[in-house]
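> Sequence:
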Amino acid sequence: MPRSSRRTALNASAAAAALCLVLAGCAGPGSSESEGGTVSPDNPFGVAANTKIDIVVFDGGYGTEYAEYAADLVEKQLGDGISVQITPSNNLSQSLQPRFVGGTPPDSFTNDGADAIPITSIQDQLEDLGDFWDTKNYDGVKVSDAVFPGVKEVGEYDDGYLNANYVMTLFSLWYSHSLFEENGWEPPTTWSEMADLCTEARAKDKYLFTFGKESAVYYQWLVLDSAIKQGGVDVINDISNLKPGAWSNPAVKDVLGQMESLIADDCFVPGGAGTQFTQAQAQWSNDQEALFYYSGSWIESEMKDATADGFEMTAWPAPLLDAADAALPFEAVQAGPAIPWAVPKSAASTAGGKEFLRALFSKEAASKFSELTLAPTVVEGTVPADGFGSSALASTMGVMEDAGDDLFSWVSNSYSGYYGIQDAPYWVSFLAGDITAQELIDAQEKLSAAAAADTSKPKKEYDYGK
Numbered sequence: 055m056p057r058s059s060r061r062t063a064l065n066a067s068a069a070a071a072a073l074c075l076v077l078a079g080c081a082g083p084g085s086s087e088s089e090g091g092t093v094s095p096d097n098p099f100g101v102a103a104n105t106k107i108d109i110v111v112f113d114g115g116y117g118t119e120y121a122e123y124a125a126d127l128v129e130k131q132l133g134d135g136i137s138v139q140i141t142p143s144n145n146l147s148q149s150l151q152p153r154f155v156g157g158t159p160p161d162s163f164t165n166d167g168a169d170a171i172p173i174t175s176i177q178d179q180l181e182d183l184g185d186f187w188d189t190k191n192y193d194g195v196k197v198s199d200a201v202f203p204g205v206k207e208v209g210e211y212d213d214g215y216l217n218a219n220y221v222m223t224l225f226s227l228w229y230s231h232s233l234f235e236e237n238g239w240e241p242p243t244t245w246s247e248m249a250d251l252c253t254e255a256r257a258k259d260k261y262l263f264t265f266g267k268e269s270a271v272y273y274q275w276l277v278l279d280s281a282i283k284q285g286g287v288d289v290i291n292d293i294s295n296l297k298p299g300a301w302s303n304p305a306v307k308d309v310l311g312q313m314e315s316l317i318a319d320d321c322f323v324p325g326g327a328g329t330q331f332t333q334a335q336a337q338w339s340n341d342q343e344a345l346f347y348y349s350g351s352w353i354e355s356e357m358k359d360a361t362a363d364g365f366e367m368t369a370w371p372a373p374l375l376d377a378a379d380a381a382l383p384f385e386a387v388q389a390g391p392a393i394p395w396a397v398p399k400s401a402a403s404t405a406g407g408k409e410f411l412r413a414l415f416s417k418e419a420a421s422k423f424s425e426l427t428l429a430p431t432v433v434e435g436t437v438p439a440d441g442f443g444s445s446a447l448a449s450t451m452g453v454m455e456d457a458g459d460d461l462f463s464w465v466s467n468s469y470s471g472y473y474g475i476q477d478a479p480y481w482v483s484f485l486a487g488d489i490t491a492q493e494l495i496d497a498q499e500k501l502s503a504a505a506a507a508d509t510s511k512p513k514k515e516y517d518y519g520k
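Be aware that the sequence shown starts at 55, since it is given in the numbering used here, and climbs by one per residue.
Calculated from the structure, these hints are not laboratory results.
Cβ atoms here follow ideal geometry from the backbone N, Cα and C, with glycine treated the same way.
Hints may be right or wrong, so weigh each one.
For each label pair, taking beta carbons as the anchor points, the in silico distance ranges come out as [unchecked claim]:
id, residue 1, residue 2, range
1, A504, D250, 34 to 44 Å
2, W239, D376, 18 to 28 Å
3, K190, A318, 48 to 58 Å
4, T253, K190, 53 to 63 Å
5, D460, D199, 21 to 31 Å
6, E247, P95, 53 to 63 Å
Whenever a hint applies, use it, and build me the whole structure from the sequences.
The following block contains the structure:
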């Protein structure tokens, strides 16, 4: 169980909007090289005796209990008066801004959630985690060898390996297998079939989709995942590289057009623009007003207290426009490492931050994460075939297996770092039927152009392969 004595509230005294401006010039003391601990195989980073390791964890869909478990492993591994404090936060920018400014950032933190810090605003203040990837975890396995292929590279920037992503997240449609079976419905593989299913759903006073004001951007993921499958990964390469006109790619426009038609045909639960996102998700998982919800594989954990009995939560790939000329097969899905961890250069104990990650990326901690959250980590071989009794976790693993080599990943490491959540209000307005697909495209193009012209933001060349 979590140890509440470790948990302290952070002072969120400044606005997150000022973060990029304020953090750009801040720096502080602190380096694992000067901490004075004895380096050994059991303590490869040399965490000094009596160190209090300070960890901030995003308190979202996955909670923080998994971090408490890893903290226990660190204390048992190192002993010597070393302790780990876990501090939850669900407003990371606001919580961490005053700490970065004051030169007292945590030793490690998850940079996740709607209020995550844009990586480009702090990348010069983060430790290169190359030595972390090269060290051995608590199983005696080199960390980079213990994880799925490509995980290490996702966190690479010009300044080194700045992020260590922890969760192998599947982004997909989610539905109730039992509800579909009860009604004789088949999950659709194309947008045309999706429209037909909407007609059947409305006849039974149900909707296709629901959304909340904080999660409208999830449907951006659905649109782009479908467009990538139809038009190829250059769709997202161009968008991520801020190429002019990228949002006007025919595949993007056509998928948005399909969604615009569904909105006009009353296929979305009304009132999403004024609905808190977990309430909207409960409309799907508990009330079963909507057939589908698009989300990451954290959804089961996030809604565990608001899911109908016998729901049988199941993953399903994004639909195609036309299978005949699609660049990728229907089975292709977005799945890859997410939930990035980072270690600030000015932390009091960068060695402690890396030691915590060493524990986290071990099989015992990773398996406990999956057991607690019903989601897979990037550490291989830690999820049993029955998914710890979870239909969602079992189907997550099954969908990724069905995709084979046709996995792609972009959400956790993409263009959104250039302008954060500034596009979110436009997606709320679009899903509410207040703006057209073309107006949404125009808004995205304007944000992209502004980010491209902003010389204060370092740019990265994205290439998602395939």
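> Could you tell me which of the numbered hints above are not met by this structure, giving the numbers in increasing order?
none
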